[in-house]
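If you read the sequences in order, they're chains B, C and H. Residues 1 to 406, numbered by this note's numbering, are exactly what the first sequence covers, in order. Residues 1001 to 1406, numbered by this note's numbering, are exactly what the second sequence covers, in order. Residues 2001 to 2406, numbered by this note's numbering, are exactly what the third sequence covers, in order.
Treat the hints with care, since some could be wrong.
[To be verified] Partial chain C-side listing against chain B, Cβ under 8 Å, derived:
| id | residue |
| --- | --- |
| 1 | Lys1029 |
| 2 | Leu1199 |
| 3 | Ala1267 |
| 4 | Gly1394 |
| 5 | Tyr1398 |
| 6 | Phe1401 |
Simulated from the structure, these hints should not be mistaken for laboratory data. Cβ coordinates follow ideal geometry from the N, Cα and C atoms, glycine included.
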Amino acid sequence: MLWTVIAAALVFIMHLGFATLEAGLTQSKNTVNILFKNVFIIAIGIISYAVIGFNTHYPGDFNGWFSIGSMIGDLNADGGDTFGYGGVGLAMTGYGDFIFQAMFAATAATIVSGAVAERVKLGSFMIFATLLVGLAYPVVGSWHWGGGWLGGLNGGNGFKDFAGSAVVHAFGGFAALACVMLLGPRAGKYVDGKIRPILGHSMPLATIGVFLLFLGWFGFNGGSVLSADPTYVGLVFTTTALAACAGALASIFVSWTFLKKPDLSMALNGILAGLVGITANADIVSPMGSIIIGLIAGVIVVFSIIFFDKIKIDDPVGAISVHGVCGIWGILACALFDVTDSGFTLVGQLIGVLAVGAAAFIFSIIVFGILKATIGIRVSPEEEAEGLDIGEHGQEAYPDFAPSSR
Amino acid sequence: MLWTVIAAALVFIMHLGFATLEAGLTQSKNTVNILFKNVFIIAIGIISYAVIGFNTHYPGDFNGWFSIGSMIGDLNADGGDTFGYGGVGLAMTGYGDFIFQAMFAATAATIVSGAVAERVKLGSFMIFATLLVGLAYPVVGSWHWGGGWLGGLNGGNGFKDFAGSAVVHAFGGFAALACVMLLGPRAGKYVDGKIRPILGHSMPLATIGVFLLFLGWFGFNGGSVLSADPTYVGLVFTTTALAACAGALASIFVSWTFLKKPDLSMALNGILAGLVGITANADIVSPMGSIIIGLIAGVIVVFSIIFFDKIKIDDPVGAISVHGVCGIWGILACALFDVTDSGFTLVGQLIGVLAVGAAAFIFSIIVFGILKATIGIRVSPEEEAEGLDIGEHGQEAYPDFAPSSR
Amino acid sequence: MLWTVIAAALVFIMHLGFATLEAGLTQSKNTVNILFKNVFIIAIGIISYAVIGFNTHYPGDFNGWFSIGSMIGDLNADGGDTFGYGGVGLAMTGYGDFIFQAMFAATAATIVSGAVAERVKLGSFMIFATLLVGLAYPVVGSWHWGGGWLGGLNGGNGFKDFAGSAVVHAFGGFAALACVMLLGPRAGKYVDGKIRPILGHSMPLATIGVFLLFLGWFGFNGGSVLSADPTYVGLVFTTTALAACAGALASIFVSWTFLKKPDLSMALNGILAGLVGITANADIVSPMGSIIIGLIAGVIVVFSIIFFDKIKIDDPVGAISVHGVCGIWGILACALFDVTDSGFTLVGQLIGVLAVGAAAFIFSIIVFGILKATIGIRVSPEEEAEGLDIGEHGQEAYPDFAPSSR
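Excised from the complex, chain B in its bound form (with noise of 0.2 Å):
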C-alpha cells in the first residue's frame, strides 16, 4: 500500500517528463504551448477519472464491452487496508488504488500531444484529450483490467499487458497516428519530396524529461505488481532497467553505424523504447531476456522513426514509434520471453493489442474527425510561422532571457 501511493508519485513525475521532453524536441516558439497542454492534461486528467474514469475503468458489473461510470465516493468504505474490484482484493486502500491508476490515465493523452505539437489548435486538443482520458482510455482498459472480454482471451489465460504496453502506451501511439493524419506534417517539413528536419529547442530539456520519465517508470511497472511482494518489485525494477539500457545501447550502436554519428536524440529514444517494450512482460522475464527485449525496442525505434518521416507522418518527437510501435512489441515479446511457461501465445498477445490499437485509432478518427470539420484543429499558417506561444497564449517562453555569449 505505502509502495502504491510511492509508486503514483514517480508515475506523477514522468508528467514533468513528458513536459520537458516535449518542450526540449521542439522550437523555443511553441515552447509554452506545449508546457500549457501538460499542464491541463494532468489536471483534467485525474479529475475526470475521479468524476468518470475510475469506475467506468473497473465497472461493478458491466458486459465485458462498454460501461460508464460516476464520481468516485468514499473509497475507504471498505475500512481497513484493503480494496476490491472485480472480485479480487487488494492489499491497499481504494484512494491509494485511486491515485495509482489516475497518474496513468493521464499519460494517454499525453502521448498524444507529443506527436500533433506546433501545429494543433489549443481548444480543439483539449477537447480530444478530455474525451480521451475520460471515456475512450478507462472504457478500453477495462476490457483488460476491468473483467472485460481481453482478461478472459486466450482459453482462460487471458492475455498478458503486465503494467500497459498495449492498454497505455499503444492506445496512446495509435491515438496518435490517427490525429496525425487528420492534421497534415508541420509546414516546411517535407518540401519538394525532400525531409527537412525541424529541430528541437533544448537538449537538456529533453535529456531531463527522459531520465523522468526513467525514474517514473520504476513506479509505472514497479508499482503495477500491487504490492510491495519484494520478489517481484526486484525482478521488476531489474528488468526495467536492464531493458531501458539494452534500449539506448541499441540505439547508440543503430545510429552510430547508420546515420554516422552516435545521436543523443535516438540514444534518449532508445531509452523510452526499452522501457515500453518491458512493460508488458517485466514481471515474467529473466534479466537476459530482457536485455534482448530492450536490444530489439532500440534498433525498432530508430528504423521505425525513420519510416514514418519516409511516409510524411510528421511525429516531432517520435511518439508513434516509441509507444505504438515498440508497445506493439512488447505485448509480442510475453509470448517470446516468459520464463513461467504461462502459455501466452502470438496469436492471443497479437488479437489483444491490435484491438486495443484499432480502438484507439477509431476513437481518435471519429472524435478528432468531428472537431476538423466543425471548429478545425490546426491553427492558422500565419500562427505556424509566427509560434503558438504568442498566437494560442500571448506568452513567451524566455520574455526576458539574455544570455551573455561572449
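Got chain B sorted already, so can you dock chains C and H onto it with the hints?
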C-alpha cells in the same frame, strides 16, 4: 517511519521546485542571486533547525507562547522505532521526525525569497531569513504543533491545520507581505499609474518548479499523517491531487475568460493555490470537497494576484496570493468541508490563521524594519538595473551560452 | 526491501544530477556531448554490472584480491525476501540488491566524465568508461564489500566506509585525476602562466544537478543501511542533510572571505563536499559530528579547487576535489568522529583509502595511457574550438532556441 523519511525526501525536492519556479519567473540577470538564496535557505534552515529550531518547535515544557530550544542530541535515545513529545507517541524515531520537520522549516523563508526577488540586498535577506527560520517559525509553530495555546483553542477541539496552511504557508505569505511593503516595488514596475509587467526568463524552469512542488506536496501532506496508516495516506494523496488539478482548471478558466488568453503562469499558480488550500484539511474532506476547495482556490489566486498588483504590492512570483491568501482559504475550508464532524468553526479557524499571520507580519516588520534602518535592505538603482548577479555575486547565470537560433 | 528499491530509484536520479551539473558548468557548444556521455554511462554501467560486475563485486569465492564474475542468473532463486552473499544474509531479494548496487556502479565513470569534459575523444572515453565500470570498479569494490582484504583490515574491525567515500567517490576522483593528467588542460585555460576561467553555460542546470544529487544521496547513504531499520535510516538522513548544509555554509563563508563575493558555484560544491565527506560515516556520527565533518569538507573543497587550478590540473567541474579529496576526508573522519567506539584508526582508514585511490589511479593511467598511445584520447584543436557537439555528434544543444531578450 519509512514513509516519514521518504516524505522528507519529497519535501526536500520542493526546495528545488521553489528555486526553479522563482528563477523562471524572474529576469535572467537576477538568476544566480535567486538560486544562491535558495541554496542558502535550505542550508541555514536545516542547520538552524538542528541547533535551535527543533527543540523550540517541540519544547518539553513551556508556557504555551514562547520557548527557546537547544541543539538536538541523540534523538534515538528512546530506542526502538517510537518517539514522543508533548505526551504524544509517534511510530517513528526521533531522527526521522527531525528530518521531516526540518525540511518544512526552510519553506517559510523560501516563500519570502520569491516575493522580494530582483531588488533585495543579499546580506540583509540572509540575516532576516536566518532569524525567520531559526526563531520565528518554530516559536509560532509550537503554538499549534508543540502543545501551545492554538492546540487548545475552540473548546478542546483545537485549531485544525493538518499540514500547515497556516503555520507554514500563511506564515510565509504574511512575512512576505511585510517585507514587500518595506522594500517597495521593482524599478519600472509601476510607472505613471500604470502597471508594466516585468516578465520572467524561462517558463520551462517555472513549469519544472511547479511540477516538483506538486510532487513534493505528496510528501508535505502525505507525510503529515505521521505514519503510513494506509487509510489516511491514500486519502491524503487523492485529495491533494484533486485540489491541485481543480485549482489549475479554475485558474485556466478564469484567466481565459478575464484575460482573454489561457495563461500558463496562471495555470501554474492555480496548481499551487489548490495545493495550499488543501494543506490544512487534506485528511478530513471528501474527494468532491477537495475538488471544490481547489476550484475556489484557483479562482481566488487569480483575483488576488490582480488585486495586489493594483495596490502596488510588487510580488514577482505571486507568493503572497498563493501562500498567504490561499493559506487563509485552506484554514477556513476546514470548517466548511469537514466530513468527520469534528466541530471546527469558522471563527476558531479564523482566529488561528490571523494570529499566525499577524505574528509573521509583525515579526517581519520589526526585524526587516531594523535592517532597513541600519544596513539597508535594497540594492542601489544602478545594481538593480544591471542585475543582482553581477552586483552581488560577480557571476552570470548563462555566461557561455550561445544558442544557434536559425 | 521496499526501501532498497526506492533508494535505487533515488540513486538513479543522481545520474540526472551529474548530467545536468556537468552540462551546466561547461560551455553550450559541448552540451550534447556531456549529456550523451551520461546517457551512455548509465546504460553501459547497468548492463555491464549485470553481465559481469555484480558477480565480480560479490564473488562467491575468490582470493581476496581479484575475481571475475558472470552474468547474473535468477537472483530470486533463494526465494522469499532474503538474499545472501559472503555468508551475510540480507532482508531483501537478490534483484533488489542487484539494482541498488548497479545504480552505484555507474557513478565512478560519471565522476571522470565531468573532469575530462570539453576535450576528450568520445570513442576513447566510452571504451575507458566501460572498462572502469565493468571491471575496475567491481574488483576494487570486492576488496571491501565483497569479503576481500580490506574488510579484514585493522584487526578484524575492518575498514570503515559506510556507503562509499572511498570505494565510489575517491575511486572516481583518483581515476579522474589520472585521466586529466594524461589529457592536459583545455585550450586557452592556462595562458602565459595565467589562469583564464572558462565558464559554464547555465547555472540553473548546475543548481538543478546539485539538488538532484542531494536528493539522490538520501538513497545513496540511506539505502546503504541495507534495510529499513528505522533507527539507522533516520539517523543517516539527518547526518547526511546536516553535513551537506554545513558544507554549503562553509563554502559560502570561505568564498565570500577569500574571493570577496558569495559564489554560487562554490556553494554548490560545498553541498557536494559535505555529502562526500559524510558518505563513509553517516551511521556512526552524531548530529554535531556531521555538522563539523560538513564544515571542514566545505572549507577543503574551496582550497582544493584553487590548488588544482594552480598546478594546472584542469577539472571543469571540480570532480577531483569534490570526490577525491573530500572522499579521503570522509574516510579519515570515520576515525575522528565515531561515537560508537568501534576502534577505527586514522592509519587503518588511510591505508584503505590510499589503496583504493592508488588502484583507481594506476588502472586509469595504464588503460587511458594505452588509449592515448593508440587511438588517441583528445579531439583536434579545431574540434575543441568549434565544440564537441558538432564535431562528435553533428548536433547542437539549442538549435531552434530564439529567446526574445527585450
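>> Going through the numbered hints above, which ones does this structure break? Give me the numbers in ascending order.
In response: Number 4 - this is the single hint that the structure violates.
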